[in-house]
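Colleague: Read top to bottom, the protein sequences are chains A and B. Numbering-wise (this note's numbering), the first sequence opens with residue 1 and increments by one. Numbering-wise (this note's numbering), the second sequence opens with residue 1 and increments by one.
In case anyone wonders, no lab produced these hints; they're calculated from the structure. Please read these numbers as outputs of a predicted model, since none were measured by experiment. It cannot be assumed that every hint is accurate.
Claimed, not checked - Beta-carbon label-pair distances, calculated as ranges: (1) B:Arg122 - A:Arg17: 32 to 42 Å; (2) A:Ser32 - B:Ser19: 17 to 27 Å; (3) A:Ser143 - B:Ala124: 15 to 25 Å; (4) A:Gln36 - B:Thr21: 22 to 32 Å; (5) A:Ser110 - B:Glu99: 19 to 29 Å; (6) B:Gln76 - A:Thr123: 27 to 37 Å; (7) A:Pro74 - B:Ile4: 39 to 49 Å.
Said to hold, decoys possible - Quick partial rundown of chain B residues pointing at chain A, CB under 8 Å, derived from the structure: (8) Ile4; (9) Thr13; (10) Leu59.
What the hints assert, rightly or not - Per the computed footprint, the stretches of chain B lying under chain A, defined by three or more beta-carbons under 8 Å from a beta-carbon of chain A, are: (11) 25 to 34; (12) 41 to 55; (13) 134 to 146.
Even for Gly, the Cβ is constructed at its ideal location relative to N, Cα and C.
There are 2 protein chains.
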Amino acid sequence: MEEIDRAIIAALTADGRLSYTDLAERVGLSVSAVHQRVRRLEQRGVIKGYAARVSFEALDLPLTAFVAIRPFDPSQPDDAPERLAHLPEIDSCYSVAGEDFYLLLVRVASPADLERLLQEIRTAANVTTRTTVVLSTPYENRSPKISAEPQLRVRSRGSGEPAGSSAG
Amino acid sequence: MEEIDRAIIAALTADGRLSYTDLAERVGLSVSAVHQRVRRLEQRGVIKGYAARVSFEALDLPLTAFVAIRPFDPSQPDDAPERLAHLPEIDSCYSVAGEDFYLLLVRVASPADLERLLQEIRTAANVTTRTTVVLSTPYENRSPKISAEPQLRVRSRGSGEPAGSSAG
DNA sequence: CTTGAAAACAACCATCA
DNA sequence: TGATGGTTGTTTTCAAG
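Produce the complete structure using the sequences and hints provided.
Modeller: Here you go:
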């Protein structure tokens with residue numbers, strides 16, 4: 001029966017505005033049953049939300065880059081993510097193994113804006129930066145694998161997760 | 001008046017399932033007016049679609065990594081993105097400036113799966129790989145900046161864009 | 001999980017400001 | 001461009017079975 005949940009997730013990652021009616025047809029269930037399942041998936045946190053996917057070019061943010069950062073002074077407390085969270089140009093922040101501490105994905109309007117952003121990042125978080133410019137994006141944010149997971153089960157059912165974080 | 005479009009985009013990137021009724025209230029317009037604007041934003045490609053945001057942990061894909069790839073033989077035609085497109089573990093593929101050719105974002109269930117994936121990537125695209133494991137994700141896929149863009153205008157109005165690519 | 005019925009909503013349409 | 005108002009079919013939601 002988890003097969004149906006996987007079908008629901010696959011459908012909703014491809015089209016987040018699918019109506020329950022359409023969804024019901026696709027997975028071969030009644031509308032109410034699908035609705036119930038979707039709500040359970042939402043409650044469990046399997047589905048964390050819905051978002052419109054936008055064209056960054058159309059939003060005048062044609063320049064994408066990866067910014068690897070590393071503390072200037074490694075003995076200082078490391079709170080770079082919070083210190084940088086207010087910068088809307090930062091799309092994502094990953095804590096990484098390897099030579100760098102964090103990898104940021106940023107979107108800006110121009111090289112000049114990237115330069116300004118890098119300066120802001122360096123001063124706000126007291127870090128050094130190493131930037132890799134993205135030339136093009138063959139594909140991005142595709143639907144995930146959705147295997148036959150052993151546990152699409154309720155684990156704690158507590159108060160839900162506190163804040164961000166989607167991948168460890 | 002483009003201020004309203006920005007408000008609409010901001011609202012829909014935060015909650016892609018907002019009803020036109022709610023959207024109309026938030027931006028202070030009538031339902032028909034908002035509906036009209038959203039459709040234009042969709043036609044122009046500013047809004048490319050909608051998607052459910054899922055928890056990769058819940059989908060049993062707790063391990064995220066960046067894989068930088070580089071052709072084993074740089075004289076061969078470079079079609080790595082197409083050669084790798086069939087691998088569902090690959091979330092995103094960026095063509096980058098710098099020492100590497102592409103940067104892949106991948107999601108797998110375990111280190112063993114990552115190992116298998118890396119082997120597949122190397123053989124499928126004839127590339128060498130350099131992998132950076134993600135330890136945690138402070139934040140990811142946040143709403144974009146949405147500045148007062150000079151051109152949220154119609155450019156071509158043609159048949160729309162052919163395939164992927166969201167950032168240059 | 002299903003059915004079925006009520007309430008809400010989306011999608012369309014004019015007309016007027 | 002936007003506001004109103006009206007109409008129709010669909011969708012959501014809820015109560016039972």
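Colleague: Compare the structure with each hint and give your call.
Modeller: Against the structure, the hints:
no. : hint                            : in the structure
1   : B:Arg122 - A:Arg17: 32 to 42 Å  : holds (38 Å)
2   : A:Ser32 - B:Ser19: 17 to 27 Å   : holds (20 Å)
3   : A:Ser143 - B:Ala124: 15 to 25 Å : holds (19 Å)
4   : A:Gln36 - B:Thr21: 22 to 32 Å   : holds (24 Å)
5   : A:Ser110 - B:Glu99: 19 to 29 Å  : holds (24 Å)
6   : B:Gln76 - A:Thr123: 27 to 37 Å  : violated (44 Å)
7   : A:Pro74 - B:Ile4: 39 to 49 Å    : holds (47 Å)
8   : Ile4                            : violated (15 Å)
9   : Thr13                           : holds (5 Å)
10  : Leu59                           : holds (6 Å)
11  : 25 to 34                        : violated (count 0)
12  : 41 to 55                        : holds (count 12)
13  : 134 to 146                      : holds (count 13)
The structure does not agree with the numbered hints 6, 8, 11 stated previously, though it agrees with the rest.
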